[in-house]
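Student: These protein sequence lines are chains F and R, in that order.
If you count by this note's numbering, then the first sequence holds residues 1 to 478, one letter each, in order.
If you count by this note's numbering, then the second sequence holds residues 479 to 954, one letter each, in order.
In short, the hints are calculated from the structure, not lab data.
Small disclaimer: the values here were computed from a predicted structure and weren't measured.
Cβ coordinates follow ideal geometry from the N, Cα and C atoms, glycine included.
Some clues are possibly wrong.
Unchecked claim - One side of the interface only, derived from the structure: several residues of chain R facing chain F at Cβ under 8 Å:
# : residue
1 : P571
2 : A573
3 : D762
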Amino acid sequence: MAVPSTATEIAAAVRSGGTTAVEVLEQHLVSIGERESEIHAFNLVTVDAARERAAAIDAAVAAGHDPGPLAGVPVALKDNMCTRGVPTTCSSKILEGWAPPYDGTAVSLLASAGAVMIGKTNLDEFAMGSSTENSAFGPTRNPLDPTRVPGGSSGGSAAAVAAGFAAMSFGSDTGGSIRQPAALCGVVGVKPTYGRVSRYGLVAFASSLDQIGPFTHTVADAALALQVVCGHDPLDSTSIPEPLPDFSAVLDRGVDGVRVGRITDLPAGADPDVAERVELAFDVLRAAGATIVDVEVPAFTYGLTAYYLIAPAEASSNLARYDGVRYGLRVDADDTNAMYSATRTAGFGAEVKRRILLGTYALSAGYYDAYYGKALRIRRLMANDFAAAYERCDVLLTPTSPSVAFPFGSKTDNPLAMYLCDTYTIPSNLTGDPAMSVPFGTGADGLPVGVQILAHALDEPVMLQVAAELERAAGGST
Amino acid sequence: MTEIWTHDGWEMVVGLETHVELATATKLFSASPNRFGDEPNTNIDPVTLGLPGALPVLNERAVEFAMRIGLALNCTVQPCTFARKNYFYPDMPKAYQISQYDQPLNVDGWLDLPDGSRVGIERAHMEEDAGKSVHAGGGGRVHEADYSLIDLNRAGVPLVEIVSRPDIRSPEQARAYVSELRAILVAIGASDARMEEGSMRVDANVSVRRPGDPLGTRCEIKNVNSVRSVGRAIEYEAKRQIQMIEAGESVRQQTRHWDEGDGRTHTLRDKEDADDYRYFLEPDLVPLAPSAEWVEQVRASLPMLPGARRARLAEVTGHPADSEPIAVVVERGHDEYVLAAAAAGADPKRALTHVQQNLDDDGVAAVSATALAALVAMETGGAVTATQAKTVLAEMAGSGEQDPAAIAARLGFEAMDTSELEAMVDAAIAAQPDAWAKFCNGEQKALGAIVGHIMKASKGQADGKLVNQIVNQRKG
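If we strip away everything but chain R, and leave its shape as in the complex, we get:
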């Protein structure tokens, strides 16, 4: 369970709104390409430009991706409608955004985090993205700009907005939520979820209260552009609110802007200044009611999600599910490989360690799971030491050679027999009588000198585990 964040007896209550761009080939309501990084204003058409007379047509693939997200987040997929959210902005061509309002596609789900905590998902609805304004001059902010340029390539790109319940209680948990959500989105292929490119954007609703009290007044923090800044921004904001309250002021409901540079949030607008969006049912679209067959088909096509993959790997290897090796290997997508090596006879824990520490994507591609299993078997059988195994594995990953025994032989890695090693241990004890005495008196640290002596004498080829065994036998 996540450690609860508290500050002078206050707790934070955080809900996150995450916008993700869907990895469709075309836009939500038109056939223009959905592609990042193209020449400005090239992926456009009458619908994207909001030309008079143009009409939206819903992209079926976008609906499928949105359902994938909903189902991966344990939501109920329900019949839904689209609404217009009306407001003027120069990079919003129709002066309204087509979104989902009171009847969203996905509702009532949850996301389980690696630490075992669960964050509720209120809804995950579909909407279109706006274009992009580039403000020239005056430091790039709109108010001081000499002029603004508009790029409508992004206008109409399909988004899903995932709204969490206010279940998050610490910066660490917020970061974990964003990381886990990102991992799921990538795993199900719904989005590339790159925060740095803006294909995943997080807004945070932050309030503070005394534990057990009703919810406090919240502020919405925008422009949080990395997993790291999610944590920083909400921590800053919670402390700001606590300071205000403790100074006898009250928190006003505001939208605030996170500034990565100065590490603060700044007022963007007060609630009273907020637009009245005049939502109403989008008359150019018809209600969307995915059939039960379609929903089940999408559900069946979902891959195993990161949480389940971590649990599976944890079970096979014996490592805790929220441990770093498990998290890292699953995130890299190398868990199947570890499982294959284990199935081929490798000690799962050793295989996991090698894959986490000694193999990158290229390494995993170069070394077959069977070859890895053979190497791990040599290691656990004492034919090579851990250090030697690492050297052999590096050789295999570099050359693609699949025979660890041949490599070990070539490198002259031969296991010493036990009697040879025993002689070395005795020699080391004789050479380091002081250290030996200390060790026998319970000073574990003194063992280092003895083992160091043996390793030097064996040129690193002595099996550390075996050495320990013999030393302890001698100690009696």
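Bound conformation, chain F alone:
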């Protein structure tokens, strides 16, 4: 029997004894063996630990125990998620030699659900970037076209699923870092509502924006992943103390009566091939019974500006702890200040330094009100605008990324061009609302296009419901 590829099928087969976790794992290790040297999705593949773990799951099944809803599912984790005893690098030289003494909450939940952790995936250093070209360990290649980027910052996790290295992976999304690489690699990527998934054990980039979420082959797998990793965590004060809905319950319901919003004042900039697929998505949903509603979200256009003040400001503080005193890289010097400086100069890459400087400036006395303070006001304005829009519709539809996957080096000399990749994804981070990217056919050069579905806080079910409809339509039309 062929090894199934979706997480839902794998877990079902492993739980029922139709296949074994070991067999599933070996199949994925074969894929890794074939293409990982080209793709470079991983910073580390934990082969031995994964084999032990898969064998233990099979033993549990043989003994009549249920290993859980992700039984035997090979899962890859972005290398900014803390894993006990396993190096967690954030693709930065500054964390050289450091392995966390603890598992993050999401990592623990995955283990308890029977997942098999297969490795740690590459990212833009400290999750800062949109192409995974900012990794200190070299870029990840897009499995669909290795001359192009996989997107970022969770490029390794997106590529791992797209290449069949893992059935499911996790990333973090601060301004689009799950959704944009999902779109560019042709997989499903979800950023849940801020506070749905505990951030305990996620190395912080911008604490008020960071959120962990899954990459999967299917919308059903995404719902399954959310069911496992979401939930209140007393170790994260910003975690939402709400009971979880059944994320899978509405996937087959269709979209009859669902109100889908079209943002009439959406910032321009999407390539025609992408815009065309988004139009088609509206058509498909209308045909399936959804109502298309025109809405205005005036503050949408200020999202990028506000984001590039708030995120660097928080990052400048979050990354200050990498000072060479307690862990990671230390470059010795004559006194403490010189040691800090030498360590941070050697340990951080250019983009990280750029954002630390931006953020430090934005928070400095005399500039706070003009920059950080104003960005916070935009953030409130944006929350109001979106809340008003969600009074008139259940979800909003936009492109995920303005373009399909782009060639290496095409944006690295122009940070602003790179930042524009996140135009459509950033607002959901600023408002804390959930959003996801679902593959919807192809655009230029036959590369995948992702459609972004945005919903109001805690409304993941209707978002997944619409995604499932688009997935069905894409399956028929592409």
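Please build the complex by placing chain R on the supplied structure of chain F, with the hints as guidance.
Tutor: Only chain R this time, still in chain F's reference frame:
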């Protein structure tokens, strides 16, 4: 009212910032023990170490202690937020301190001092402590050290910073403020407030001016580690500033270090060199808004505070509230005992004197308030003299025996009747005619010789008060 300190026509204006470590079992944002004196780097965890991915979770007990402090200082408890104060220091693991900035928990209170003066409290906010650096070699100062060791046991320990208004005008008042604050903190159980262990630390903001002038430029004095040095440091600093101004220089805004050894303050850094802390709202924590019920519950659980206890004891005993016996007895926590003895019939003033002068903690534990009352009754009734009462009380405190009459009898303390005493007075006058003549001419001092004679003759058993009475009768 406190005596105003002046120096060549200048007055000092002082505000104190007091950091107190809260007596919680665990740290402000993690479950590691909050314990002084343990092996270095044993009370740590991912949050304390500032490990990547670790997140703070606010300790509810710490909030309660902070509210106790605020309410005891007559503050308003308000909805508040936490902020990050960003600066690099090797013993500060996250390179920022989680503190409260523009929205502190407690605001706008006051502290009444025993002398009747009132010092305003601007705010009392929560924050986490840093770790401790131990500089090895070079005399222990960081600049000459060969290397430094870091102990993070203290990192993350909950602190409340109590910021007074610049209402303090003398070293004496500053000392009184610190002592009273300490007494309150201990009374409400929020902190052990030991300055010598660093669980209470005082920084002083000092400026000088001509009375009535606007505020002068201030300097912040750090490393003031005892009540005594609070007074010394601000007095030194005020005089230093006055000298500078009178020499035609101007005071620069500085942070200065108090050196207990040479009794001076030394420049630590100028204001221009101060860090820009880049405060912003701590995104890992949510706003804290204690419910009205919680605030009232904490308020209701506060014990009677030292000031009120002094007032109560003063009222019952007739001693002034700022007198030493009242202060001492309340500070020792023996005021309830005095009140119990008074309730059992003792003359309150005599009971207070005995408790202040003749009973320590063990003594108070050994002698019941009723037994003390019985002894005081014997004394005021003339059955024993003051000296004898003291001897009996010492016996009771030592043995725990509760029957003062039995002890007095055993020691042979029997009151002389008045006629016996009158005979003794007459004998003494006859024996000391010169002294008697002087006394009758108004020389009070001469009385000593007469009384001394009587005491010697009675082997100390004569009641001094009664002797005085008889002598004055004889004088006519």
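Student: Could you work out which of the previously given hints the structure breaks and list their numbers from low to high?
Tutor: none
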